[in-house]
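*Asks:* Chains as they are written, first to last, in my numbering: chain A, 101 to 409; chain B, 105 to 413.
Incorrect hints may appear among the rest.
[As the list claims (entries may be wrong)] Per the computed footprint, the stretches of chain B lying under chain A, defined by three or more beta-carbons under 8 Å from a beta-carbon of chain A, are:
id	stretch
1	167 to 178
2	344 to 357
3	372 to 378
4	389 to 403
[Unchecked claim] Residues of chain B placed beyond 10 Å of chain A at every Cβ, according to the derived structure:
id	residue
5	Leu144
6	Phe158
7	Gly162
8	Leu250
9	Arg258
10	Leu303
11	Ala320
12	Asn382
13	Arg409
No lab work stands behind these hints, which were simulated from the structure alone. Beta carbons: idealized from backbone N, C-alpha and C, even for Gly.
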Amino acid sequence: MKKLNLGAVFAAFLLTAAACGSDDGANTGGDNASTGGADENTNSEEVSGSILVAGSSAMEPLVAAASEVFMEENLEASISVQAGGSGQGLSSIASGQVEIGNSDVFAEEKDDIDASNLVDHRIAVVGMGPAAHPEVGVDDLSTEEMIDIFTGEVTNWSEIGGADQDIVLVNRPDSSGTRDTFVKYGLEGNEPSSDAITEDSSSTVRQIISETPGAIGYLAFSYYDDQGSVLPLSVDGVEQTDENVMSGDFPIWAYMHSYTNGEPEGLTKAFIDFLFSETVQDGVIPEMGYIPETGMQVERDAEGNETAK
Amino acid sequence: MPATQSVADRLLDKKKTIKKERTGKLVVYTCAAIIILTTLAITLFLVLRGIQAFVADGVSPIQFLTSLEWNPSRSAEQGGPVYGALPFIVGSFAVTILAALVAAPLGIGAAIYMTEIAPSWGRKILQPAVELLVGIPSVVYGFIGLTLIVPFIRENVGGQGFGLLAGMIVLSIMILPTVTSIATDALRSIPNGMRESSLALGATRWQTIRRVIVPAATPMLLTAVVLGMARAFGEALAVQMVIGNSRTIAESLLDPTATLTTIITLNMGHTVPGSTENNVLWSLGLILLVMSYLFIIIVRFLSSRRRFS
Numbered sequence: 101m102k103k104l105n106l107g108a109v110f111a112a113f114l115l116t117a118a119a120c121g122s123d124d125g126a127n128t129g130g131d132n133a134s135t136g137g138a139d140e141n142t143n144s145e146e147v148s149g150s151i152l153v154a155g156s157s158a159m160e161p162l163v164a165a166a167s168e169v170f171m172e173e174n175l176e177a178s179i180s181v182q183a184g185g186s187g188q189g190l191s192s193i194a195s196g197q198v199e200i201g202n203s204d205v206f207a208e209e210k211d212d213i214d215a216s217n218l219v220d221h222r223i224a225v226v227g228m229g230p231a232a233h234p235e236v237g238v239d240d241l242s243t244e245e246m247i248d249i250f251t252g253e254v255t256n257w258s259e260i261g262g263a264d265q266d267i268v269l270v271n272r273p274d275s276s277g278t279r280d281t282f283v284k285y286g287l288e289g290n291e292p293s294s295d296a297i298t299e300d301s302s303s304t305v306r307q308i309i310s311e312t313p314g315a316i317g318y319l320a321f322s323y324y325d326d327q328g329s330v331l332p333l334s335v336d337g338v339e340q341t342d343e344n345v346m347s348g349d350f351p352i353w354a355y356m357h358s359y360t361n362g363e364p365e366g367l368t369k370a371f372i373d374f375l376f377s378e379t380v381q382d383g384v385i386p387e388m389g390y391i392p393e394t395g396m397q398v399e400r401d402a403e404g405n406e407t408a409k
Numbered sequence: 105m106p107a108t109q110s111v112a113d114r115l116l117d118k119k120k121t122i123k124k125e126r127t128g129k130l131v132v133y134t135c136a137a138i139i140i141l142t143t144l145a146i147t148l149f150l151v152l153r154g155i156q157a158f159v160a161d162g163v164s165p166i167q168f169l170t171s172l173e174w175n176p177s178r179s180a181e182q183g184g185p186v187y188g189a190l191p192f193i194v195g196s197f198a199v200t201i202l203a204a205l206v207a208a209p210l211g212i213g214a215a216i217y218m219t220e221i222a223p224s225w226g227r228k229i230l231q232p233a234v235e236l237l238v239g240i241p242s243v244v245y246g247f248i249g250l251t252l253i254v255p256f257i258r259e260n261v262g263g264q265g266f267g268l269l270a271g272m273i274v275l276s277i278m279i280l281p282t283v284t285s286i287a288t289d290a291l292r293s294i295p296n297g298m299r300e301s302s303l304a305l306g307a308t309r310w311q312t313i314r315r316v317i318v319p320a321a322t323p324m325l326l327t328a329v330v331l332g333m334a335r336a337f338g339e340a341l342a343v344q345m346v347i348g349n350s351r352t353i354a355e356s357l358l359d360p361t362a363t364l365t366t367i368i369t370l371n372m373g374h375t376v377p378g379s380t381e382n383n384v385l386w387s388l389g390l391i392l393l394v395m396s397y398l399f400i401i402i403v404r405f406l407s408s409r410r411r412f413s
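Working from the sequences, and respecting the hints, build out all of it.
*Replies:* Next up, the structure:
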């Protein structure tokens, strides 16, 4: 009896929901207006259905936050966001298991991925840079110094004018997108020393750097906090700021790619368009510590060539 | 069943019983078959995936097992990627054996205390205390290790804190319940007659424990340790957080190193399924499976040795 009741209530609920959605387009439109100015960005058509987004764990919080806002405005749409890593995101989208695959690296950079059908949507930019324990006595590194530190040529901070303190390297795994970017644009392709401590997540890296005297690693800007638990070091005199990345002065940054298999349609298209809307680009993205793609004055291709936009 | 039943009733009952028995048999056999099939399927799958790297991608198995260098992302100009898993194999064994060296005396000692010395109240407190350790998720052990043990080692023992010693401490606590509970069962299975005979011959309690009970239970006690080691060998998360994951063999207890499991968990999400790098991770998984088969063979061998009836 109890079961039956629940079932009936659920069915009634579904009916009402369906009726609201199909008969009354103005209803959701009104919602849009009330949450503030997203109207022009979202598809004026009713979007419904469900899509699956998978990939980069660095992008997951951002895309999840954006999808929540999107679903509030489009009650009929359901977007689930999974974090499994960039490799997983790229292979899932190439094989058609998901509608959107997120990656911090260009699909062309990963071997074994057939990138010919994939359409790249660069939704944001993430800056990253060397971060050290606050008491190392150094706040600026030249590129050469940075390479020497990470390859193990320099083992004490005093060798480059800092405190008399052994350098402890904190690294990310070989296949991490953050590591790829840092090695390519920060270390000019020199691989970090294999003696380094390696940790999977950026939050663990941050914790280790903040607690270990003499530690240095690399972090995305979104992991820097106001308490100054870690010290972002400037590189060749250029500070790690969003402005310096946008103007092209600070070289260590990567796109956050959302890939679709072919040109997106329906809900997928509506969601991708939403990611490029003002709500996300000027709201969600900077709030979460990332840099909006629309603000970039330079752009980069899969080979790493940088051009003015 | 009342004894006053008529013959006909009893015959009918028997039919029912037989039917019930058949159903029960079917259920039990099905469960057993499913478990056996699952194990076979997992083994087959892991073997097939694990040999891909050697068969399809041309990684040399000898280099894989003997080379000290692991560098999957090395560029073609620098000599191409190399996959040498020896440091991780050594790391896995080192941390497992070290953990067993700590957990075996502690666990067996606790078991002797519970069964022989303070049977009533000792068991009431110690047994739940040990069993509680099982329920704590491994990520919590890792986090405790990262925030308490690693800084403690760094400040009081030396080194960076991350390394074999930290891994050993965390793992030995994690496998302590396994060792203790199996050792307790082993000691409890010793017939009381042996204790009584020994005491009757004038042996003290200590002499009885040392000369009679422990030797009699040795095969089972070794089984307890081996099962604990099997658990330690396969543990990933907690070890990953404290061992440092550097790709070199540790030269002292304080050096960071990596194990097979930590390399798999660090890299699995970032690599593209089907790529050489991903296949090599499956090969590491295959080594783990082979090891767990070996551990089971050892356990079977130990428990097949003389036991008293």
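*Asks:* Hint by hint, note whether the structure agrees.
*Replies:* Now the hints, each set against the structure:
Under the rule that three or more residues need a Cβ within less than 8 Å of chain A, the assignment of the stretch 167 to 178 of chain B holds, with 6 such residues. With a cut-off of 8 Å between beta carbons, the stretch 344 to 357 of chain B has 7 residues touching chain A; three or more are needed, and the interface restraint holds. Note: the stretch 372 to 378 of chain B has 7 residues with beta-carbon separation from chain A under 8 Å; the three-residue rule is met and the coverage holds. With a threshold of 8 Å between beta carbons, the proposed coverage of the stretch 389 to 403 of chain B by chain A is violated, since 0 of its residues qualify and at least three are required.
Residue-level check passed: B/Leu144 sits 27 Å from the nearest beta carbon of chain A, beyond 10 Å. No Cβ of chain A approaches the Cβ of B/Phe158 within 10 Å, the least distance being about 17 Å, so the stated non-interface status holds. Residue-level check passed: B/Gly162 sits 14 Å from the nearest beta carbon of chain A, beyond 10 Å. Chain A draws B/Leu250 into its interface by the beta-carbon criterion, the shortest separation being 7 Å against a cut-off of 10 Å.
Some Cβ of chain A comes within 10 Å of the Cβ of B/Arg258; the nearest lies about 7 Å off, and the non-interface call is violated. A cut-off of 10 Å between C-beta atoms confirms that B/Leu303 is not in contact with chain A; the least separation is 55 Å. At roughly 46 Å, the least C-beta separation between B/Ala320 and chain A is larger than 10 Å, which holds for a residue marked as non-interface. Distance check on B/Asn382: its Cβ comes as close as 7 Å (rounded) to a Cβ of chain A, failing to clear the 10 Å threshold; non-interface status is violated.
Here B/Arg409 stays apart from chain A, with its beta-carbon at least about 42 Å from theirs, past the 10 Å limit.
When held up to the earlier numbered hints, the structure conflicts with 4, 8, 9, 12 and fits the remainder.
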